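**Q** For the record, the sequence lines run as chains A and B.
The working numbering numbers the first residue of the first sequence as 45 and each following residue consecutively.
The working numbering numbers the first residue of the second sequence as 27 and each following residue consecutively.
No wet-lab data here; the hints were simulated from the structure.
As the structure is a computational prediction, the values presented were derived from the model and not from experiment.
Please note that a few of the clues may not be correct.
[Claimed, not checked] Reference excerpt, derived from the structure (chain B facing chain A, CB under 10 Å, subset only):
(1) F60
(2) Q68
(3) A123
(4) G131
For each residue, glycine too, the CB sits at the ideal point set by N, CA and C.
Here's the letter readout for the chains.
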Amino acid sequence: ETGVTQTPRHLVMGMTNKKSLKCEQHLGHNAMYWYKQSAKKPLELMFVYSLEERVENNSVPSRFSPECPNSSHLFLHLHTLQPEDSALYLCASSQDLGYTNEQFFGPGTRLTVL
Amino acid sequence: AQSVTQLGSHVSVSEGALVLLRCNYSSSVPPYLFWYVQYPNQGLQLLLKYTTGATLVKGINGFEAEFKKSETSFHLTKPSAHMSDAAEYFCAVKIPAGNLIFGKGTKLSVKP
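Model the full assembly from the supplied sequences, consistent with the hints where possible.
**A** Here it is in structure tokens:
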């Protein structure tokens with residue numbers, strides 16, 4: 045595997061379910077990100093991790109819970125979601141949080157909440 | 027705070043025609059600017075970026091963009107569109123100690 049991978053690619057869940065999204069980067073990067081991409085809206089940054097420490101939490105509801113066990117893996121735990129949480133969830137990584145560093149994106153997980 | 031405006035949520039061109047996707051930014055300090063492309067069912071891929079130096083930046087797939095500070099613009103161009111260019115394009119701005127801020131995206135259609 046190369047780059048940034050995400051699993052599953054598609055997920056359908058009910059509002060009472062608990063599920064997790066997984067992201068893995070094979071680039072040796074130290075920073076990882078979760079974004080939400082909804083139709084007709086700009087990408088929304090949800091969480092930022094640097095060296096496994098959370099450095100940003102952009103007013104995201106507590107029904108989204110991130111976890112970064114090491115610099116290569118990032119999870120997004122989901123519970124009691126709402127239909128408006130249906131979106132494409134993108135993971136990204138960068139060398140570090142430096143100004144010029146490019147972010148590399150995974151293919152995303154398409155989430156549908158029924 | 028910085029922001030990005032992409033003019034036109036949908037642009038349609040004929041194959042072989044010029045592609046012009048517009049991006050204007052707002053920033054209180056000199057920004058770094060990026061263009062990303064997203065093909066259907068895929069993540070975002072970096073096309074090109076402006077950091078410092080030459081204001082005309084060349085990227086992958088024949089795309090280029092010019093940073094114009096006086097116009098606060100970073101428009102993306104390609105001289106001749108190809109069918110494979112059909113995708114959604116995102117302009118983004120970043121400042122020191124800031125996050126990457128994206129525009130809403132422009133969907134490019136290419137007609138045969």
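**Q** Look at each hint and say if it fits the structure.
**A** Status of the hints after comparison with the structure:
1. Annotation: interface hint on F60(B) holds; nearest CB of chain A at approximately 8 Å, less than 10 Å.
2. Against a cut-off of 10 Å between C-beta atoms, the interface hint on Q68(B) holds, since the closest Cβ of chain A lies about 5 Å away.
3. Evaluation of the A123(B) hint against chain A yields a held restraint, the C-beta minimum of about 8 Å falling below 10 Å.
4. Interface hint at G131(B): satisfied, since its Cβ lies 7 Å from the closest Cβ of chain A, which is below the 10 Å cut-off.
Checked against the numbered hints given earlier, the structure satisfies every one of them.
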